[in-house]
Amino acid sequence: MTDHLLILGGTTEATALAHVLHDDEIETTFSYAGRVARPKRQPLPTRIGGFGGAEGLADYIRENGITHIVDATHPFAAQMSMNAVAACALTGAHLVALTRQKWMAQAGDDWRHVPDIAGAVAALSVPAQNVMLAIGRMHLDAFAPCPQHQYLLRLVDAPDGDVPLPNRHIILDQGPFSVENDMALMRDHSIQVVVAKNAGGSGARAKIDAARALNVPIIMIDRPAIPDRPEVGMPQEV
Numbered sequence: 001m002t003d004h005l006l007i008l009g010g011t012t013e014a015t016a017l018a019h020v021l022h023d024d025e026i027e028t029t030f031s032y033a034g035r036v037a038r039p040k041r042q043p044l045p046t047r048i049g050g051f052g053g054a055e056g057l058a059d060y061i062r063e064n065g066i067t068h069i070v071d072a073t074h075p076f077a078a079q080m081s082m083n084a085v086a087a088c089a090l091t092g093a094h095l096v097a098l099t100r101q102k103w104m105a106q107a108g109d110d111w112r113h114v115p116d117i118a119g120a121v122a123a124l125s126v127p128a129q130n131v132m133l134a135i136g137r138m139h140l141d142a143f144a145p146c147p148q149h150q151y152l153l154r155l156v157d158a159p160d161g162d163v164p165l166p167n168r169h170i171i172l173d174q175g176p177f178s179v180e181n182d183m184a185l186m187r188d189h190s191i192q193v194v195v196a197k198n199a200g201g202s203g204a205r206a207k208i209d210a211a212r213a214l215n216v217p218i219i220m221i222d223r224p225a226i227p228d229r230p231e232v233g234m235p236q237e238v
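As numbered in the working numbering, residues 1 to 238 make up the sequence shown, in order.
Be a bit skeptical, because a hint or two may be false.
[Claimed, not checked] Simulated crosslink set (EDC-like; lysine to aspartate or glutamate; CA at most 16 Å straight-line):
no., residue 1, residue 2
1, K40, D157
2, K102, D188
3, K40, D173
4, K102, D209
5, K102, D222
Derived by calculation from the structure, the hints in this document are not laboratory data.
Turn these sequences into a full structure, and let the hints guide you.
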């Protein structure tokens with residue numbers, strides 16, 4: 001059987017891998033979940049949308065002769081990653097995850113670790129502050145119980161519907177960002193605390209370094225647990 005790879009993408013690392021595989025003329029399909037309005041153009045045949053859970057992904061693998069899956073999704077796309085593990089177990093397709101190293105606290109960092117979004121919401125049950133909510137647009141509704149804060153939201157796409165945060169300022173922008181620009185942004189909005197997911201990598205790291213430089217504490221949401229699977233850190237390793 002001829003190898004046919006499926007990249008579960010959406011990250012900078014997935015795009016880098018797509019170019020490597022294209023240059024090496026390895027048959028590959030690139031898959032986006034469809035959560036971004038303007039996904040980055042890829043040099044490979046591309047599909048957009050979900051599969052319908054682990055069973056749906058298994059059906060896609062069988063119907064399209066997929067031999068290998070590369071899970072290059074965001075570290076917080078836990079459901080997709082779990083579906084990939086299950087679908088490969090059902091079909092015998094080979095699985096490898098192209099992962100980013102998580103960020104580790106350095107000297108000068110002031111991090112409060114929380115296990116999930118609910119933990120971050122609980123950590124904001126304090127008097128009003130200026131909060132940089134750097135978690136994307138998928139979970140904004142979860143912070144409705146904490147309307148007292150002034151929120152700075154930096155998003156790739158405009159949120160769907162109304163945001164249930166009465167005091168918010170929305171910036172539409174896409175990284176990578178620089179430490180200098182993020183320091184200026186935090187100063188301009190008098191940010192007192194940052195809420196961030198431990199996404200790892202370099203593309204979204206600027207806010208972490210900027211917070212350290214300005215002595216701004218971070219409520220750091222730890223990564224979700226993923227079943228054991230082979231993992232590599234560089235496209236060439238795939």
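Does D173 lie within 16 Å of K40 when you go C-alpha to C-alpha?
holds (14 Å)
Are K102 and D222 close enough, with their CA atoms no more than 16 Å apart?
holds (9 Å)
K40 paired with D157 [C-alpha distance capped at 16 Å]
holds (13 Å)
K102 and D188: Cα distance at most 16 Å?
Roughly 28 Å separates the two Cα atoms, so the pair is violated.
Proposed proximity, D209 with K102 (alpha carbon, max 16 Å):
holds (14 Å)
Of the hints listed earlier, the one the structure fails to meet is number 2.
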